[in-house]
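Undergrad: The lines below spell out each chain.
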Amino acid sequence: MASSIRVRATANGDITEVQTLIQHPMDTGLVKDSKGELIPAHYIQELKFECNGKDVFVANWGTAVSKDPYVKFSFKGGKKGDDLKISWTDNKGGSDTITAKIA
Amino acid sequence: MTATTGSHPTRRLILQGAASVALLGLGNLPFAPARAAANDKYPEEAFKLKNEADAIKALYGRTAEPSEKVKLDAPEIAENGGVVPISVTTTLDKVTSISFLVAENPNALAASYRIPDGTLPAIANRLKMAKTSNVTAIVEADGKLYSATKEVKVTVGGCGG
Numbered sequence: 001m002a003s004s005i006r007v008r009a010t011a012n013g014d015i016t017e018v019q020t021l022i023q024h025p026m027d028t029g030l031v032k033d034s035k036g037e038l039i040p041a042h043y044i045q046e047l048k049f050e051c052n053g054k055d056v057f058v059a060n061w062g063t064a065v066s067k068d069p070y071v072k073f074s075f076k077g078g079k080k081g082d083d084l085k086i087s088w089t090d091n092k093g094g095s096d097t098i099t100a101k102i103a
Numbered sequence: 001m002t003a004t005t006g007s008h009p010t011r012r013l014i015l016q017g018a019a020s021v022a023l024l025g026l027g028n029l030p031f032a033p034a035r036a037a038a039n040d041k042y043p044e045e046a047f048k049l050k051n052e053a054d055a056i057k058a059l060y061g062r063t064a065e066p067s068e069k070v071k072l073d074a075p076e077i078a079e080n081g082g083v084v085p086i087s088v089t090t091t092l093d094k095v096t097s098i099s100f101l102v103a104e105n106p107n108a109l110a111a112s113y114r115i116p117d118g119t120l121p122a123i124a125n126r127l128k129m130a131k132t133s134n135v136t137a138i139v140e141a142d143g144k145l146y147s148a149t150k151e152v153k154v155t156v157g158g159c160g161g
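Sequence order for the protein chains is A and B. Counted from 1, the first sequence has number 10 at position 10 by this note's numbering; the numbering is strictly sequential. Counted from 1, the second sequence has number 1 at position 1 by this note's numbering; the numbering is strictly sequential.
This is chain A alone, in the form it adopts within the complex (with noise of 0.2 Å):
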């Protein structure tokens, strides 16, 4: 399966510009399905990235965060090449890791 987070992080200079789009359905357990079903919150809690083994950003997030989330930062001491490692995990238990090369 394709991963589920999508990532372009772009150096330029000392500052590197990240923008992620990760696709969840972020329910925030509080509206019904078609049968009138209350659908159970399902949402990302944990959003983290790190780049040579330093933690750059750490989100957490609660279920006002739009579904599909999408944030966008900066942060220095990357330089093209470098790896970017982003991992999630949401209340359900659930998570998904990619390695993103900056460019």
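Mixed in with the good hints there might be a few duds.
[Stated by the list, open to error] Sample of chain A residues facing chain B (criterion: CB under 8 Å; computed from the structure): (1) ILE5; (2) VAL7; (3) VAL56; (4) LYS67; (5) TYR70; (6) LYS85.
[Said to hold, decoys possible] With a straight-line cut-off of 20 Å between C-alpha atoms, the simulated EDC-like cross-links for lysine to aspartate or glutamate are: (7) B/LYS150 x B/GLU45; (8) B/LYS41 x A/ASP90; (9) A/LYS79 x B/ASP54; (10) B/LYS94 x B/GLU76; (11) A/LYS48 x B/ASP54; (12) A/LYS54 x A/ASP83; (13) A/LYS54 x B/GLU45; (14) B/LYS50 x B/GLU104.
By construction, these hints were calculated from the structure, which means they are not laboratory data. Even glycine gets a Cβ: it sits at the ideal position worked out from N, Cα and C.
Use these hints to put chain B onto chain A, whose structure you have.
TA: Chain B alone, transformed into the frame defined by chain A:
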């Protein structure tokens, strides 16, 4: 981090509860509450609180003061409350975390980000909004809390139904 996942869930809840009570009690001390946001653990309790002020307190153990150095960018009107693009940047130094809260959502705290040394204090993300509400960004810098708030009008709520 994974070392704790094996522990008994009830015990962990009790410990978490005790920890947050302790933090509230220590709210006046300058250094104790800062650890709440700085540690690695997912702030489960803060995400469950309905009220914005309560969530900020649970997360940071103190209140924020409005600052012009925090720039919150959000639309005036969001046609689709399910996907509201919101971003924040700040000129403050020594930023360690940034959080987003939507006051009128069922649970006010939407997202909280840890900003390690070397990461720029600028984040863009997309949040759900149940209805028209104030959106607040909290920036923790040098152990103090700063905020910016903006009202976003929502024409179609983001909670389905």
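Undergrad: Would you mind marking each hint as holding or not holding in the structure?
TA: We went through each hint and held it up to the structure:
no., hint, result
1, ILE5, "violated (15 Å)"
2, VAL7, "violated (14 Å)"
3, VAL56, "holds (5 Å)"
4, LYS67, "holds (7 Å)"
5, TYR70, "holds (5 Å)"
6, LYS85, "violated (14 Å)"
7, B/LYS150 x B/GLU45, "violated (25 Å)"
8, B/LYS41 x A/ASP90, "holds (14 Å)"
9, A/LYS79 x B/ASP54, "violated (41 Å)"
10, B/LYS94 x B/GLU76, "violated (30 Å)"
11, A/LYS48 x B/ASP54, "violated (26 Å)"
12, A/LYS54 x A/ASP83, "holds (11 Å)"
13, A/LYS54 x B/GLU45, "violated (27 Å)"
14, B/LYS50 x B/GLU104, "holds (9 Å)"
Hints 1, 2, 6, 7, 9, 10, 11, 13 from the list above are not met by this structure, while the remaining hints are.
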